[in-house]
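**Student:** From first to last, the protein sequence lines stand for chains A and B. Using my numbering, the letters of the first sequence map in sequence onto residues 36 to 388. Using my numbering, the letters of the second sequence map in sequence onto residues 244 to 413.
Calculated directly from the structure, the hints in this document are not laboratory data. None of the values given here were measured: they were computed from a predicted structure.
Distance condition first, Cα-Cα at most 20 Å in a straight line; then the derived SDA-like pairs of lysine to any residue:
no.: 1; chain 1: A; residue 1: K82; chain 2: A; residue 2: D59
no.: 2; chain 1: B; residue 1: K326; chain 2: A; residue 2: I145
no.: 3; chain 1: B; residue 1: K311; chain 2: B; residue 2: I330
no.: 4; chain 1: A; residue 1: K140; chain 2: B; residue 2: L346
no.: 5; chain 1: A; residue 1: K153; chain 2: B; residue 2: I338
no.: 6; chain 1: B; residue 1: K326; chain 2: A; residue 2: Q135
no.: 7; chain 1: A; residue 1: K140; chain 2: B; residue 2: D319
no.: 8; chain 1: A; residue 1: K153; chain 2: B; residue 2: Q328
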Amino acid sequence: MLQNKPPSDSGPDNADTFFDTALDILGDYLTKNKVPPVPPDLQNNAKLAGLLEQIAEVRSVLAGLSQGNLSIPVTLHGHMGGLLKSFQGNVRHMLWMINQVADGKLVNHIDYMGDFAKSFNTMTNAIQTAKAAIEYQKELYAKLADELKIEVEAKIKAQEALKHELEHQQELASTDALTGIANRRSFLAQANLEINRCRRNNTMLCVSMMDVDHFKTINDTLGHQVGDKVLRHLAATITQNSRSYDIVARYGGDEFIILFPSTTMENAFSAMERLNKSIASSRSSCKETPYAISIGLAAFFPSQKDLTLEDIINKADKALYMAKKTGRNRIFVMRDEEESIEEELSEPANTTA
Amino acid sequence: MSEKLYKFSWDLIGDIGARESLGPLVRVEVYRLMQFCFRDILEKHYGAEQADNLFRETGKLAGEHFYKQFLPGEMDFNTFVEKTQTILRDLGVGILRIESANLEEGKLVLTVGEDLDCSGLPEIDHEFCAYDEGFIAGILGSYVKREFLVREIDCWCTGARTCRFSADIV
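So here's chain B without its partners, still in its complex pose (with noise of 0.2 Å):
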């Protein structure tokens, strides 16, 4: 493995002020056309398991990140999850609902509508937000300062793909 030369801080995304006139939005089928692609090359060259273990990867450090940039200091539980979904929502990532969570167990249950990656995607047979999976494990882990194995176990079709996720304290 060569030298790595990158390693990722919010300051690597630089001033989003300087697009003057594009603003801070971007069409959602350019990022997916990043993230697609970037899936379709990384099962190229590493296969399936290994490139949704990279997107898992990924998401996780994206979500610690996010969490310090969004989410900082001490709040109660609800608080974190009502902050977490404005938050979400104002980004355009998706709609956060709980269904279920009892943190002295270390276990939630959760659903986001309308990601990002995924709504509106024609069904397939396999889960697909390996991404997201790391990116909700990264939030919840540095909100519990616990690690969290989350997987999605269920997702539909009804207009805008909706994924469920588990999240268990590991």
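Only chain A is shown next, with the shape it has when bound in the complex (with noise of 0.2 Å):
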């Protein structure tokens, strides 16, 4: 009943007429796009009106859901009114999940809402197994990271200890191991170096050969250990006799040599001459182990074309020769720029043999 009765002058007719009206009009609530005016003659009826009332604002707020619009006051009371409430409710709690997992939060679930949940659901178990996924191989690539760290340490340190061994053996083939100075195939490899940079430079360079006077016999009568100990002072007083950048070798057996890198014949002299005279002072305070040495010193011209070192060294060792020959314990010097060789002899150094 829209009303107590219809209006008091209305017959049936009219009351069928009031109630086609009355719901016209609910029909138009229901399906039009605007809420249609209420005929004049309906306006008066409290219950037709509190209904359409009612129905006007299911209409606003299903309006306003449709637009994703959650605020509209819900005030119609009963199972309608609980179930657009119900659905704002709803919504307003899945869109604070949505923001709790953009903030990275994955434990909520949401038990409710259907296929809205399921989706849901769905996508944080997804976004969970990428993120863990993610993770696994973050600490894969972190393991990995640290297992080619270690690698690389190890390689690095095995470069190192390969280049030290490297040139620990590079050491041991140019170095003589009795004497520590250098050996006969270091000498030849840095000696000619130094006579193509003297060609270069237009300067002339000396070489010295010497040995020990009377080895043999040192060897035979005190020993070969003391004839190693004779070797080891004569390398180390001819180091300490000698520029840093003279070449100084053992030759082999007892012999020595020294090459002077752009130094006059005279400065050459000089230095033997210093030699030789340090050779004595400890044949003075080593009486153990008395020696004396002779030298043959040659030198390089720039002018001369054609000479290797072969030939320098050849010169050199006649010198030496000359200098056994005249008395040992003594320099001759080879003089032969011009093929002309001169001899010169130093005077003999003290000795105490």
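Mind assembling these two chains? They're in different frames, but the hints should get you there.
**Tutor:** Structure representation (structure tokens):
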């Protein structure tokens, strides 16, 4: 019943007309885009007006929901109002949950709203799976990085060890094991470079060859250990009396050789004199191993285009031979710039032997 | 006022396991019978407003003990919400959902569905869940370690009456 009774002057026909009109209006409220005006003859029906007002509120709330507006207040009581409020509340909660996910918090799941919840939970599960996979990859890469670092460190260490070993081997290959100075091979390599440099710079150089006088006798009478000691002493003395850029080497047996780069014969001669005096001095303070040396000195002039290192060494060797031949314990200088040999004898160094 | 003889502690709930045959559960109507009869008598003696206040205060005390018993330890807000949702559901208290939460501003809006106190009640023209207001204030206050003012701002009938609460740090 919309009214206690239809208008007083109405008969059954008028009542049918009233209900038809009221039902049309209700139908319009449910289907039309805009709420139609209530005809004047029905406006004073309070129950119809109240019902239309409630339907209008439902229309308004549904219109808001369709636009994503969750804030339209629902004053309607009863089941319909409850459903609308429930929908608003559930969507608000879902939005809060989505914001939680956006903040990286994936622990909550939705257990209502049917397919919405199913999709939301599927999404969060997928994100959790992806996140776990990323974390796993991250840990894996971190582990790989650590292993790689260890491997690289081990390789660097191995390379350094190899480098040191190589340097050691090179040193062994170029060093005389007994005396610790350069060996013959090392001397020849360095001396060839030095000759080329002197040629380029148009400077002369000198080569001095020397050996221990009566070394065989020392070995035979005092033993090889003493002989070795003599050789080590001589090597040390030569080194002490040489400049840093002179090339000093044990040439073989008791023979030693020195190359004086960019040095005149006079200066090389003076250096050999100092060496000889040093040997003489140590001879007086080291009575157990008295020894003397003979020295041959030769020069290389840049004008000697065809002269080789071997030629110069041969010259120094000849000078040494002459020093031996002329009495030992002396310096013999081979001056042969113009293929004429001159001899220059030093004064024999004092000897206690 | 006569001397106070009782101070609640969780121990006073006793050993539920002693109910070997009946177990830990009780019908909702029995719980409501007790609470609504309390309300009737309290309103009769103190009026509706004072009865609400007593229920609210009782709920707050219960919420604080509930927090200590079921939600101890440090945790982030999301974990706290999830744990609270789980325990409230498992114990049959209700279904908690957060509509909005801004802890920096100290403002939350939440709903409790299938509420132990009021789900399925006939619709009435005033808010009814004073005990729940206190209960929620007790739990939130214990977590944030601040005082909360919780008010029921809406309720509706969808077959299962659901309550919406606002919670604001005082």
